[in-house]
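Each protein sequence line maps, in turn, to chains A and B. The first sequence begins at 1202 in the working numbering and counts up one residue at a time. The second sequence begins at 1202 in the working numbering and counts up one residue at a time.
Calculated from the structure, these hints are not laboratory results. Check each hint, because a few of them may be wrong.
Remember, identical chains collapse to one label, so a pair may be satisfied in a single copy or spanning two.
Unchecked claim - Cross-link-like lysine-lysine pairs, in silico, BS3-like; alpha carbons within 30 Å at most: (1) K1531 <-> K1788; (2) K1477 <-> K1788; (3) K1628 <-> K1277; (4) K1628 <-> K1509; (5) K1509 <-> K1277.
2 protein chains.
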Amino acid sequence: MVESQDHETVRALLDSVLTAGRSALTAPEGKIVADAYGIAVPGEELARDADEAVAFADRLGGPVVLKIVSPDVLHKTDAGGVVVGVEGGAQVRAAFQRIIENVQAYAPDARMDGVQVQQLVPPGREVIVGAVTDPTFGKVVAFGLGGVLVEVLKDITFRLAPVTADEALSMLDSIGAAEILRGVRGAPPVDRWALAEQIRRVSQLVTDFPEIAEVDLNPVIAAPDGAIAADIRILLATETVKQRRTYPREEILASMRRLMEPRSVAVIGASDEQGKIGNSVMRNLIDGGFSGEIHPVNPRADDILGRKTYRSVADVPGEVDVAVFAIPAKLVASALEEVGRKGIPNAVLIPSGFAETGEQALQDEIVAIGERYGVRLLGPNIYGYYSTWQDLCATFCTPYDVKGGVALTSQSGGIGMAILGFARSTKTGVSAIVGLGNKSDIDEDDLLTWFGEDPNTTCIAMHLEDLKDGRAFVEAARATVPKKPIVVLKAGRTSAGAKAAGSHTGALAGDDAVYDDILRQAGVIRAPGLNDMLEYARALPVLPTPKGDNVVIITGAGGSGVLLSDAIVDNGLSLMEIPPDLDAAFKAFIPPFGSAGNPIDITGGEPPSTYEATIRLGMEDPRIHALVLGYWHTIVTPPMVFAELTARVVAELRGRGIEKPVVASLAGDTEVEEASQYLFEHGVVAYPYTTEKPVAALGAKYRWARAAGLLGGDR
Amino acid sequence: MVESQDHETVRALLDSVLTAGRSALTAPEGKIVADAYGIAVPGEELARDADEAVAFADRLGGPVVLKIVSPDVLHKTDAGGVVVGVEGGAQVRAAFQRIIENVQAYAPDARMDGVQVQQLVPPGREVIVGAVTDPTFGKVVAFGLGGVLVEVLKDITFRLAPVTADEALSMLDSIGAAEILRGVRGAPPVDRWALAEQIRRVSQLVTDFPEIAEVDLNPVIAAPDGAIAADIRILLATETVKQRRTYPREEILASMRRLMEPRSVAVIGASDEQGKIGNSVMRNLIDGGFSGEIHPVNPRADDILGRKTYRSVADVPGEVDVAVFAIPAKLVASALEEVGRKGIPNAVLIPSGFAETGEQALQDEIVAIGERYGVRLLGPNIYGYYSTWQDLCATFCTPYDVKGGVALTSQSGGIGMAILGFARSTKTGVSAIVGLGNKSDIDEDDLLTWFGEDPNTTCIAMHLEDLKDGRAFVEAARATVPKKPIVVLKAGRTSAGAKAAGSHTGALAGDDAVYDDILRQAGVIRAPGLNDMLEYARALPVLPTPKGDNVVIITGAGGSGVLLSDAIVDNGLSLMEIPPDLDAAFKAFIPPFGSAGNPIDITGGEPPSTYEATIRLGMEDPRIHALVLGYWHTIVTPPMVFAELTARVVAELRGRGIEKPVVASLAGDTEVEEASQYLFEHGVVAYPYTTEKPVAALGAKYRWARAAGLLGGDR
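Here chain A stands alone, though its shape is the one from the complex (with noise of 0.2 Å):
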């Protein structure tokens, strides 16, 4: 929508900046700006005397502001330099030599390119649009309320830069006191289109001119009928940001496939001694039953486990999909080297010693070499990798058999290890396991572009400290979302935590309000915690997608019901109201004391027959979208009969082609344990003592179900 004349306008005056060895425009030059990207500002003239001023003030008309234009004063009121409201010749004229002696009394140095006479601006609710540069996604639209109080409360919402004018207006909804926007004690709401059309052209404007590094309107007037800034300030960026290597998405997937779906793998540094690493990664790619071809590299050995082993690489014979490096770090560029001279595409570096260890220029000279040779890395400073599907266990970790629809990514070793207990603990249904360490090179995106496609996995989840690039992550979400769901642990959410993760991977972690607004925009479900990925990433890929926003509690215990309301509200889903039919029809199954609506109370002594009218009907209706069960432990239903019957009901249903999510509470005494467990492997996600969890894992499918567009409403 911007002409390229405009364009060109822009681009000379920023040049003529930066050839000045300026970093701040002038307030005129933003105006130069803002009217070559029809971003709307008072009207303006810079008068270099009294008697210009006057002139200006009176062709403008109406009250105006005066204010001292020079390259030396930054903060124009510190120094006396404006004056708000003054009318007629008179005034103007005293207020622009009252400006004149301020400034050479505050900063008698300073030049002065003369007074701006600015057109004072209609009142409105006060706003701020504004844009930065931020370490991990680059540019960053920002808007908030004006004023200190929303300073104070921090309420302001992030977007990456460009947007489109409906993602514009979406920020209008995201902050928390959106309802202002809307007019509220009887005031009128504010031009929404207009305040979006200044974000997005904000946006635009950052977008074309990267060496824009911040913008601010500040405060921006919304009225009811437009938007004007009655203040732009722009700062150009003294440094370039180096750009990251970035390979095509086809080439990723070709190097992708190859890693998680080898033929041919090579060990290089494998070993026959025991508690060795090399001997570790040997023994589980045997014992994981892997079928491809495995190969010790050992110079010092000619078979290893009852493998033929070859002195280096280069004597493997016929292709080479994988070489897992098991030696110590100062060995690995030259292997590296042998790796990218034999044509392998991928090289899987688990010793440490590296970055995490101040070994920078190590890293950085293994770096060099996969880039000279094609050899995509993993790691180093990992854990290994599991790919269950193929029996594939590239891990010094026993290896993990419970295959199912589940990736799971860590960047560091520990929350892998963690990964690895819980999943097996849990039965947890798993396609992947990929540690990524350093990320050298393989990272979060190439992952999410491999897992979008794997047919294998039908859920992500993700441990991450930093993104080494947020904007190849979310494009590589973004066209993943729609396909299946994204859980991300996005550690370092809070200062101190940010602080430990500088510590740990010197890696620079961004400002977690900027992430945790770019993630949901790209429709990401964040997880609170470490427990909480896992639980998702165990839950999601058992629980069928909701078709409508219709949430149904049936509970034998009423004070299960209460708190799993409060479930409800915490997690953003709709307790249904229940249409009268509905009502009679519950009404008819439970004792006359209980109670219908939403909880359905079908309270505590009832029989299995209760429990399983109750929810064949919850399933049958198709006004109802999904269901929570809050089961009550009694002698008269025991925990696995309640669990055995739910089972039952929602096969039989789903042989009928009728999907719905269903989770469960069980409270009761440590049978609800067992009864949980057959539940959640019979399609039904359970929790004992909890009412919580269940809830939660309902609410993050929901979130995706929201932002894969399969809902309505917005990402």
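Based on these hints, arrange chain B on the given structure of chain A.
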């Protein structure tokens, strides 16, 4: 501080208003009340004609506000009855006449007492001070910033009235935008003491006059030197709240002691027939190992489970402390009469079929019988109760036998069963489990009073949906918190949850914002969910009380360190700034690429000796007050090796009198589950696969320590 004479002025005024059949005070009446209680309001006079208005305006000086005074016009602005900022005779006269004309046009029949002439309040920060009558807590005072933005963001705080000056002052820091009041962006701070004094006086006013239902000082203008209420609105209650019967503390303790430590128990409705509640209760009492007397009562049996059986409780020889009811609801009243005549102080009413099924009259009847004879009622509609140190299992659920420090209560039977199952599964040390059900008589404050004194109880955890008497609960909680922590799970937090609570128990669930502030004020630890309540209950008795704020993380997994730091901030804890000498001392034990500071990252491949040395240092250095451990499963230091060494160091130092809370997050394969359980049983709160739970437990302990006044800081 308020003179009795003032009290009489208000008394007389309110009486006259009530006599006149009005429930809203006029502005001049509001000013009389304000003056009587020293609530600062602008100077003002009531002008009956324009001449008087001009004279008053002259006397008050400066600009004034004119407002209509009419008992028939409540919304003065809507009626055109307010003119702001007029000065001088001509302006005042014109404004007076305009108001009269506007009001006549707006409400032709309105009686008009005249026009109030009021000093214009000087500029300042707008805040709201108010008081309401909460159905649970009675008189409650509120404070928030003024203006529409705060209304939208619901940034407001509550306290029980009356408040002390210090409590009032604490309210200024309890709102999200507290910083505003301290002055930001160069704005001057408000006069905190003047503002607190307005709050305190309003709280005293509604306490002295219970018939005042609502007070609104809106806005109060808080300036750097004073705070003036620009408007005061007072509403009177038209109906009075029925007072609940209360018992003196000594009586509560005496009957509760006989309930929880009985020598003789009668079971009314004891039965030989398997599956009957009266059979389960008998068997559980006997199998549980209760050493006191057990007397079955059943008109149709002579012997039940080998015990002599009585036709009526009247026939039981000697004193009986507790009568457990296992008979249908409709038979309870007559049996309760016999219990009363026998002088038994406690009736445990297991049967359902009372208020919860709509049989309110039946419940009212038994409450009346209980009050007549002084029999305290537990229930009805409960699973019974356990008193583990007495081996007393007076319930229909199987006995619980891991004796320990935590007393758990629940309003709902389903939640009670979850408590039982969780406690059994995790081997939680329990002193009592009590069902409260319909709370027809005994409720949380009775139990708090007892558990506060009970030497076997070191922590109390309560699930509740409502409080029958919020003030009695707060009083009991305040008396208990200095001695032991109280954890509360308040169900029906959200509006959907509160609705379900209403339909379940017919109880009026209070507004959650009021509950939240007042429970915190009482020093109670609020659990966000069921599982949190259970985990806090399990962990708090295990953890020693911290003696200061300095928390240190020692971790083998850098990734866990980052997540643990996040959790530290989430839970309001403080990561210690490690002084240089201590940093050097830690560094001596860890590899050069490990990072001291905090978290202390000992790195992943370290042997047991590194964990031991750093944990020992953390325990021994008196500047450190709590330790958070992050364990990473390796073959060098397997899970049980870590668990045993940690337990040994902690025990050794406890032996030397050094006690600090230690919590641990274990990341690894499934062996970490056993290691976590071992640690828990040896005084270290440890969890597998989560970095959140151990820190949340530590956070709960800190919240209690702070509330109990053991750490300084406010409640």
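Tested hints:
1. For a Cα distance limit of 30 Å, the shortest separation of K1531 from K1788 across copies, 25 Å, qualifies, whereas the shortest one inside one copy, 73 Å, does not.
2. For the identical chains of this complex, K1477 and K1788 are inter-copy neighbours only, at 27 Å across copies versus 66 Å inside a copy, given an alpha-carbon limit of 30 Å.
3. Taking the shortest alpha-carbon separations for K1628 and K1277, neither the intra-copy value of 65 Å nor the inter-copy value of 68 Å comes in at or below 30 Å.
4. For a Cα distance limit of 30 Å, the shortest separation of K1628 from K1509 qualifies neither inside one copy, at 35 Å, nor across copies, at 53 Å.
5. For the homomeric pair K1509 and K1277, neither the shortest alpha-carbon distance inside one copy (78 Å) nor that between copies (96 Å) is at most 30 Å.
The structure does not agree with the numbered hints 3, 4 and 5 stated previously, though it agrees with the rest.
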